[in-house]
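Trainee: One letter stands for each residue in the lines below.
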Amino acid sequence: AQRVTQPEKLLSVFKGAPVELKCNYSYSGSPELFWYVQYSRQRLQLLLRHISRESIKGFTADLNKGETSFHLKKPFAQEEDSAMYYCALRGNTDKLIFGTGTRLQVFP
Amino acid sequence: KAGVTQTPRYLIKTRGQQVTLSCSPISGHRSVSWYQQTPGQGLQFLFEYFSETQRNKGNFPGRFSGRQFSNSRSEMNVSTLELGDSALYLCASSLAGASGGLKYNEQFFGPGTRLTVL
Numbered sequence: 001a002q003r004v005t006q007p008e009k010l011l012s013v014f015k016g017a018p019v020e021l022k023c024n025y026s027y028s029g030s031p032e033l034f035w036y037v038q039y040s041r042q043r044l045q046l047l048l049r050h051i052s053r054e055s056i057k058g059f060t061a062d063l064n065k066g067e068t069s070f071h072l073k074k075p076f077a078q079e080e081d082s083a084m085y086y087c088a089l090r091g092n093t094d095k096l097i098f099g100t101g102t103r104l105q106v107f108p
Numbered sequence: 001k002a003g004v005t006q007t008p009r010y011l012i013k014t015r016g017q018q019v020t021l022s023c024s025p026i027s028g029h030r031s032v033s034w035y036q037q038t039p040g041q042g043l044q045f046l047f048e049y050f051s052e053t054q055r056n057k058g059n060f061p062g063r064f065s066g067r068q069f070s071n072s073r074s075e076m077n078v079s080t081l082e083l084g085d086s087a088l089y090l091c092a093s094s095l096a097g098a099s100g101g102l103k104y105n106e107q108f109f110g111p112g113t114r115l116t117v118l
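Just so you know, the protein sequences line up as chains L and A, in that order. Take the first sequence: its position 70, counted from the start at 1, is 70 in the working numbering, and no numbers get skipped. Take the second sequence: its position 47, counted from the start at 1, is 47 in the working numbering, and no numbers get skipped.
Keep in mind that the hints were calculated from the coordinates and are not lab data.
Some, not all, of what chain A presents toward chain L, calculated at C-beta under 7 Å:
(1) 43
(2) 56
(3) 106
(4) 109
(5) 111
Ideal placement from N, C-alpha and C gives every residue a C-beta, glycine not left out.
Turn these sequences into a full structure, and let the hints guide you.
Mentor: Okay, structure coming up:
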């Protein structure tokens with residue numbers, strides 16, 4: 001079965017602290033993994049995808065097929081990073097399977 | 001370019017009624033997907049339409065249905081509403097159909113329609 005698990009509902013850190021939002025997936029083939037972000041009163045938007053292997057707004061995520069994980073990391077959190085973060089999986093169609101999301105709160 | 005638009009933005013209905021939600025994709029986008037977002041279940045895929053055909057379907061009862069028109073605009077309908085149908089319904093559009101292909105076409109999300117069932 002296709003599944004995405006985000007174990008933390010809420011993650012609170014202080015500004016400047018490192019952040020790691022966890023994501024584990026279950027999929028029998030070779031999925032594509034994504035991180036989507038939803039800032040307060042804004043639309044859900046794509047943050048990054050594993051294929052691009054890029055850093056967006058200081059965030060990076062590495063696909064670990066052995067551990068079936070795609071954790072999102074940032075070395076120094078900023079207040080403007082406060083948002084809901086969703087990990088998502090795409091199998092062999094354009095259907096996205098989302099995790100339940102992690103709310104990141106960055107305190108000043 | 002205008003983004004994905006959804007109408008209405010807010011809707012209040014009572015149990016047993018039916019409702020129709022509308023989604024206008026970004027110009028040139030041919031694929032439209034629908035998702036249900038609730039606090040308990042998060043984002044769940046409802047269905048995807050491409051070129052007026054339903055191409056993918058999630059695990060929702062038959063009360064949930066949709067369609068796509070020749071201009072790529074899409075509607076979803078929920079009949080015999082239940083309290084548990086209260087949710088934010090999101091629509092997302094993407095450029096072209098890549099089902100089964102290697103290229104992922106980024107989905108752009110609309111603001112959602114918040115449905116409250118009383």
